[in-house]
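So the sequences go chain by chain: Z and D. Residues in the first sequence are numbered consecutively from 167, following our numbering. Residues in the second sequence are numbered consecutively from 119, following our numbering.
Since the hints were made in silico from the structure, they are not lab data. Any given hint could turn out to be false.
Pairs of lysine to aspartate or glutamate, DMTMM-like flavour, derived with a Cα cap of 25 angstroms [unchecked claim]:
#1 Z:Lys215 <-> D:Glu174
#2 Z:Lys215 <-> D:Asp181
#3 Z:Lys235 <-> D:Glu146
Which bits of chain Z does chain D cover? Going by a derived footprint, with three or more residues having C-beta under 8 angstroms, they are [said to hold, decoys possible]:
#4 208-217
#5 268-278
A partial selection of chain D residues facing chain Z, derived with a Cβ cut-off under 7 angstroms [as the list claims (entries may be wrong)]:
#6 Gly121
#7 Thr156
#8 Gln159
#9 Gly160
#10 Phe163
#11 Phe227
#12 Gly228
#13 Glu229
#14 Gly230
Just so you know, even glycine gets a beta-carbon here, dropped at the ideal spot from N, CA and C.
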Amino acid sequence: AQSVTQLDSQVPVFEEAPVELRCNYSSSVSVYLFWYVQYPNQGLQLLLKYLSGSTLVESINGFEAEFNKSQTSFHLRKPSVHISDTAEYFCAVSGNTGTASKLTFGTGTRLQVTL
Amino acid sequence: DTGVSQDPRHKITKRGQNVTFRCDPISEHNRLYWYRQTLGQGPEFLTYFQNEAQLEKSRLLSDRFSAERPKGSFSTLEIQRTEQGDSAMYLCASSLPQGHTSYGNTIYFGEGSWLTVV
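All chains, full assembly: derive it from the sequences and hints.
Below is the structure:
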């Protein structure tokens, strides 16, 4: 079984400032890791994922996350946020065998970007 | 590709009534998932189909809940004798078969169906 901890329920940040959203996971097997974003009253959109290979993965809109196996972390970062990044961000994990796409989510981090 | 479609998007029902949600997955996706999300929480896995076979059910899925995918295409999630604790957003997701060249371990979510039990 897997579990995910997102330590920060809310992260307020000014526009153009950097941000880091923290995610730690626990698993007895090798994992795949994901970040999803949820805008108000919408479903989840995949932001980025780590399956294998390079531990640093990037999204098309400037976010990046680094898989750190020793610290069991997959923190999400962006060097300069925009107002439009305001949303709920969920970290998720799945085992890399069996029902690989069955996801276990964290409780989410609300990113609030202000001017 | 129209994405995962869910209907209705919002449902308000009285306690004790039955409700049914429908999910149409992305074409060619043989895997279909149901998740539940309550306010302030992340989505929680409920059940999973591969084609028409229901392969896994969470203990969260009480006997008042039933999900079907009769022809391996769309799926329905029915909640009988609704309770206020059932108020949540019910998310459907789909993915390609594991091993498909474009699988990528990616599941695609619909916009969810909000249920409010009063």
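How the hints compare with the structure:
A threshold of 25 angstroms between alpha carbons decides the hint, and for Lys215 (chain Z) with Glu174 (chain D) the separation of about 24 angstroms falls inside it, so the pair holds. A hinted pair counts as satisfied when its Cα atoms are at most 25 angstroms apart, and Lys215 (chain Z) with Asp181 (chain D) does not qualify at roughly 34 angstroms. As the CA atoms of Lys235 (chain Z) and Glu146 (chain D) are separated by approximately 34 angstroms, the hinted pair breaks the 25 angstroms bound. Judged by the Cβ-Cβ criterion of 8 angstroms, the segment 208-217 of chain Z is covered by chain D as claimed, because 7 of its residues qualify and three suffice.
With a cut-off of 8 angstroms between beta carbons, the segment 268-278 of chain Z has 7 residues touching chain D; three or more are needed, and the interface restraint holds. Look at Gly121 (chain D): its Cβ only gets to about 9 angstroms from chain Z, farther than 7 angstroms, so that hint breaks. Annotation: interface hint on Thr156 (chain D) violated; nearest CB of chain Z at approximately 10 angstroms, more than 7 angstroms. Proximity of Gln159 (chain D) to chain Z holds as hinted, the smallest CB-CB distance being about 6 angstroms (cut-off 7 angstroms).
Interface restraint check for Gly160 (chain D): the shortest CB-CB distance to chain Z comes to about 3 angstroms, inside 7 angstroms, so the restraint holds. With a least beta-carbon distance of about 6 angstroms to chain Z, the hint placing Phe163 (chain D) at the interface is held under the 7 angstroms criterion. The closest approach between the C-beta of Phe227 (chain D) and any C-beta of chain Z is roughly 4 angstroms, which is under the 7 angstroms cut-off, so the hint is satisfied. Taking 7 angstroms as the C-beta contact cut-off toward chain Z, the hint placing Gly228 (chain D) at the interface holds, the least distance being around 5 angstroms.
At about 4 angstroms, the closest approach between the beta carbon of Glu229 (chain D) and any beta carbon in chain Z falls short of 7 angstroms, and the interface hint on this residue holds. A hinted interface residue such as Gly230 (chain D) counts as satisfied when its beta carbon comes closer than 7 angstroms to some beta carbon of chain Z; here the least separation is about 5 angstroms, so the hint holds.
In this structure, the earlier hints numbered 2, 3, 6 and 7 are contradicted, and the remaining ones agree with it.
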